[in-house]
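Colleague: Line by line, the protein sequences give chains A and B.
Letter by letter, the first sequence follows residues 1 to 379 of our numbering.
Letter by letter, the second sequence follows residues 1 to 605 of our numbering.
Bear in mind the hints are in silico, worked out from the structure with no lab data behind them.
There could be a bad hint or two in this list.
As the list claims (entries may be wrong) - DSSO-like mimics (lysine-lysine), calculated; alpha carbons at most 30 Å apart, straight line: (1) B:588 / A:287; (2) B:420 / B:457; (3) B:339 / B:24; (4) B:24 / A:32; (5) B:339 / B:420; (6) A:29 / B:24; (7) B:35 / B:267; (8) A:287 / B:420; (9) A:334 / A:63; (10) B:35 / A:29; (11) B:457 / A:287; (12) A:129 / A:63; (13) B:420 / B:408; (14) A:97 / A:287; (15) B:272 / B:339; (16) B:339 / B:588; (17) A:115 / A:94; (18) A:29 / A:63; (19) A:32 / A:97; (20) B:35 / A:32; (21) A:63 / A:32.
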Amino acid sequence: MTDTTQNLAPADAPEAPVVLGPWALIWRKFRKHKLAMFSLYIVGLIYLVAALGEFLAVQDPHKTSVRHTFQPPQGLHLFVKDEDGSTNFMLHAKGMKMELNTELRRRTFVEDESKIIPMGFFVKGHEYKLLGLVDSSTHFFGPKNPRDTVFIFGADRLGRDILSRVVVGTRVSMSIGLVGVAVSLVIGVILGGISGYYGGLADNLIQRLIEFIRSVPTIPLWMGLAAAIPLDWPPLRTYFVVTVIVSMIGWTSLAREVRGKFLSLRNEDFITAARLDGLSDWEIIMKHMVPSFSSHIIASLTLAVPLMILAETSLSFLGIGLQPPQVSWGTLLKEAQNIRSIIEAPWLLWSPGVAIVLAVLSLNFLGDGLRDAADPHAQ
Amino acid sequence: MQQIPMHNNPQSDTAPLVKIRGLKTQFFTEDGIVKAVDDVDLDIHSNRTLCILGESGSGKSIMARSILRIVDNPGRIVEGSIHYRSADGREVDLAKERHGSRLLRDVRGQDISMIFQEPMSSLGPITKIGQQIVETIRLHRNVTKAEAKAEAIHLLDRVGIPRPAERFEAYPFELSGGMRQRAMIAMALSCQPRLLIADEPTTALDVTTQAQILDLIAELKQERQMGVMLITHDMGVVAEVAEDVAVMYSGKIVERGDVYSVFENPKHPYTKALLASAPRLGGIRRRRLPDIRELLPPGYMNNPANLSPDARLEGHKVAEIAPAEPKTHNEEDRILEVKNLNVHFPIGGGVFSKSTDVVKACDEISFDVYRGETFGIVGESGSGKTSLSRAIMRILDPTSGEVLFHRKAKPTVDLTQANKSELRDVWRDMRMVFQDPQSSLNPRLRVIDLVGQCLQKAESLGRRDLQARVSDLLVQAGLKTEFLLRYPGAFSGGQRQRLGIARALATNPELVIADEAVSALDVSIQAQMLNLLQDLQDEFDLTYLFITHDLSVVKHICDRVAVMYQGKIVELTTRDELFANPKHPYTKKLLAAVPNPDPRMRKAS
Chain A
1 MTDTTQNLAP ADAPEAPVVL GPWALIWRKF RKHKLAMFSL YIVGLIYLVA ALGEFLAVQD
61 PHKTSVRHTF QPPQGLHLFV KDEDGSTNFM LHAKGMKMEL NTELRRRTFV EDESKIIPMG
121 FFVKGHEYKL LGLVDSSTHF FGPKNPRDTV FIFGADRLGR DILSRVVVGT RVSMSIGLVG
181 VAVSLVIGVI LGGISGYYGG LADNLIQRLI EFIRSVPTIP LWMGLAAAIP LDWPPLRTYF
241 VVTVIVSMIG WTSLAREVRG KFLSLRNEDF ITAARLDGLS DWEIIMKHMV PSFSSHIIAS
301 LTLAVPLMIL AETSLSFLGI GLQPPQVSWG TLLKEAQNIR SIIEAPWLLW SPGVAIVLAV
361 LSLNFLGDGL RDAADPHAQ
Chain B
1 MQQIPMHNNP QSDTAPLVKI RGLKTQFFTE DGIVKAVDDV DLDIHSNRTL CILGESGSGK
61 SIMARSILRI VDNPGRIVEG SIHYRSADGR EVDLAKERHG SRLLRDVRGQ DISMIFQEPM
121 SSLGPITKIG QQIVETIRLH RNVTKAEAKA EAIHLLDRVG IPRPAERFEA YPFELSGGMR
181 QRAMIAMALS CQPRLLIADE PTTALDVTTQ AQILDLIAEL KQERQMGVML ITHDMGVVAE
241 VAEDVAVMYS GKIVERGDVY SVFENPKHPY TKALLASAPR LGGIRRRRLP DIRELLPPGY
301 MNNPANLSPD ARLEGHKVAE IAPAEPKTHN EEDRILEVKN LNVHFPIGGG VFSKSTDVVK
361 ACDEISFDVY RGETFGIVGE SGSGKTSLSR AIMRILDPTS GEVLFHRKAK PTVDLTQANK
421 SELRDVWRDM RMVFQDPQSS LNPRLRVIDL VGQCLQKAES LGRRDLQARV SDLLVQAGLK
481 TEFLLRYPGA FSGGQRQRLG IARALATNPE LVIADEAVSA LDVSIQAQML NLLQDLQDEF
541 DLTYLFITHD LSVVKHICDR VAVMYQGKIV ELTTRDELFA NPKHPYTKKL LAAVPNPDPR
601 MRKAS
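Just chain A, same shape as in the assembly (with noise of 0.2 Å):
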């Protein structure tokens, strides 16, 4: 409806009027989308999450633990009764006592009423350093004696920390994402440029690649590749080979929306004209039709970084993506592999799938929200 109201004021007043900038319009557009906005700030807080990691785990996440292994998630109370009686407000969690079920023949876990295991902010804990740069030994939430063990998210077979191990991993599974996305920006742009702007034998090539790329199967195209990566390599080799397996793919979705772009500002008159005005090619796209596209382009990398979120879990969960001891949501799904320990411990389920879902619902949203905001022609 903008242009109606453009049309609609004076024909050629003499003052115009002071309008906001494009990406001014884009937003104002996106504060209307509830959903999207809610996303926004979900997923501001699952990277605050993957920036501050060790800060707010609640235990080392790689220590392990043999009493603890299988540990059920222990509930939060707030409240403790005094030896006289009384109640007081005190957070805390009840200890738990690992007891042998003969009868089952396994180990069951028992809330142990008289072992109260007070919980603090800011406490002392075990040591990290801060964003990879200040060492720290203070968690955000924590027991008060480093010396307690608490397993709000339950534990895995050896006894470490679930929720720990979902918020360290965050990083890692987040950053893929991230990583992954800026590699097929990167190839998508140049080549769906190249294809777009120069067309013809170039545009042919780079198309017919695009397509026999996208014919081959996903998941045994990774696995050869991820097959080719040698076990001795160091987690941070393995871990950047990954994203650039995944990117694969990413790229050619993005590539092909560029070449469309490109082929229809081509002809746009505002192209001729700074073709006139004697830029060169290179200027021509980095200053004319790349910023009128790069709030798309926006909204089709926030839609990609799901998908590279679930591709590199779907590879961690088959063994082909990263090795332990890598922590990533995707490594940790491995552990729920098996049936037994989804019966026995479902935690370790739904610990890091309900941090995928929420992760890719409110990044899917989030694009959403972004590429109607985008495009001028979305009521």
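Got chain A; can you put chain B on it based on the hints?
Modeller: Relative to the frame of chain A, chain B by itself:
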């Protein structure tokens, strides 16, 4: 405006078909309320053509859409009534009906039909024309498919589509613009409407096609005794077909009456100014075109509330409109020589096949342009004039031929052979003004970068120097220096075209190619632009190559004219010779089709 007496229809003493009273349609946007239609009273009678005349943005389309209740969100009718008298004499108030009510749907299409400016976008692209008409017929009438098909073919025949049975199977893209508009009219007529609303039905069409469509509408009106409401900005169209006229400005109807009284004895200053500024084919060529904004007392255009009916036109400005002095040019001093230029486009052919044929967009075109003159190229859409201008500038590569550009201080270049760096140099001395100022200005750049881009490229100026130079250019083009940091979205159509002109003049060019530079603008703004271009030509000794389909523009600005038809130049002569004594039959046809803004000079029909 309440004082304007209701027009009494001398020919029909029956009650009006549609009676609009106090209609207000407003748009509730985030930037505030826009009063698109502001207190409009109007009567539409059957068997009469009412023309709504107004510039773009005057609210005439929204008014028409309000009748059918198809105003898009966030627009709403906030006040007023639209009384429609149906065939059985009952009266309903369309403004009060609920959206999507049975009655509204029945009235739309069955009683009141509408046709739009751009038939391509109003017809479904993937459904056959005939099928679309059949659908409309069957939606409103209880007939069998076979009957509907027969009716559709009959309608196609009636609106003058040759071989209607064959065209029944055609898709919209297979038809030309004029044919599509005919098909659209056939669809609108399919339910025998009692009122036809035509929103700029011929604006997107060529003059010759326009004349045919207007004739068709007039004929059908007579035949079916229906009311016609025709919305247009073109005084010529009004003079040609209207019986009643209502002039709209800024959401209000400022004047109404029958066509002769409005044209011969306009009461409102806006109507007077509009009539004075209408481009005419006949009469003497004037030095400057009268400009509505100069004719009206200052402050009028900006504040429509000031527009009282008893204001006077600025008399001295009307008097200033003096005849132009004939210009003479040295025929030895050529600036551009086009020799045997061909532009061919292959048709057909895919990955594995060769193209089957070529379209000759420009076929052996040769002409010279003399320094200091304005050379016009006229032709309908599809005549190859745009391909020609683009081939001259080497925006597209010509198939063969020579384009020699003689500059004052630099050596002559053959543009068809020039390499990239030579072209960049040529493009500083040969600039282009584009048709659509909206699409030729990147909405994401500020004015300083848009206008200054070529300067920066040519002279690599610093930001401060650039600012000074662009400011000068803006002033030359009649804009303010405060606009430097604004985005093009903040400007009106006329101001944007001024930006386009400022940008074209930035590098002190010798030749400016204006490709339909004023066609997308309102008549009043068109006059301003033409005046501006002429002033700049005198000041900077410019040569113009003016490409247009509008003969009244040619008449006003060009010294010599080439008429293009199907890729060939069929006539090349001086302007006076062309209008006084056209030789080629196509030129004659073109001249005859131009509507004359004088209802007394109506073509017999």
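Colleague: Does each hint hold? Answer for all of them.
Modeller: These are the hints, each one checked on the structure:
1. B:588 / A:287: violated, 48 Å
2. B:420 / B:457: Judged against 30 Å, a Cα distance of about 14 Å means the pair holds.
3. B:339 / B:24: Distance ~59 Å between residue 339 of chain B and residue 24 of chain B Cα, so the pair is violated.
4. B:24 / A:32: holds, 28 Å
5. B:339 / B:420: holds, 21 Å
6. A:29 / B:24: Distance ~28 Å between residue 29 of chain A and residue 24 of chain B Cα, so the pair holds.
7. B:35 / B:267: Since the Cα atoms of residue 35 of chain B and residue 267 of chain B sit roughly 24 Å apart, the hinted pair holds (cutoff 30 Å).
8. A:287 / B:420: holds, 20 Å
9. A:334 / A:63: Holds, at about 19 Å.
10. B:35 / A:29: holds, 23 Å
11. B:457 / A:287: The given pair, whose Cα atoms are some 13 Å apart, holds under the 30 Å limit.
12. A:129 / A:63: Holds. Residue 129 of chain A to residue 63 of chain A sits at ~16 Å (cutoff 30 Å).
13. B:420 / B:408: holds, 21 Å
14. A:97 / A:287: violated, 66 Å
15. B:272 / B:339: violated, 47 Å
16. B:339 / B:588: holds, 26 Å
17. A:115 / A:94: holds, 6 Å
18. A:29 / A:63: Violated, at roughly 47 Å.
19. A:32 / A:97: violated, 51 Å
20. B:35 / A:32: Cα-Cα ~24 Å, so holds.
21. A:63 / A:32: violated, 46 Å
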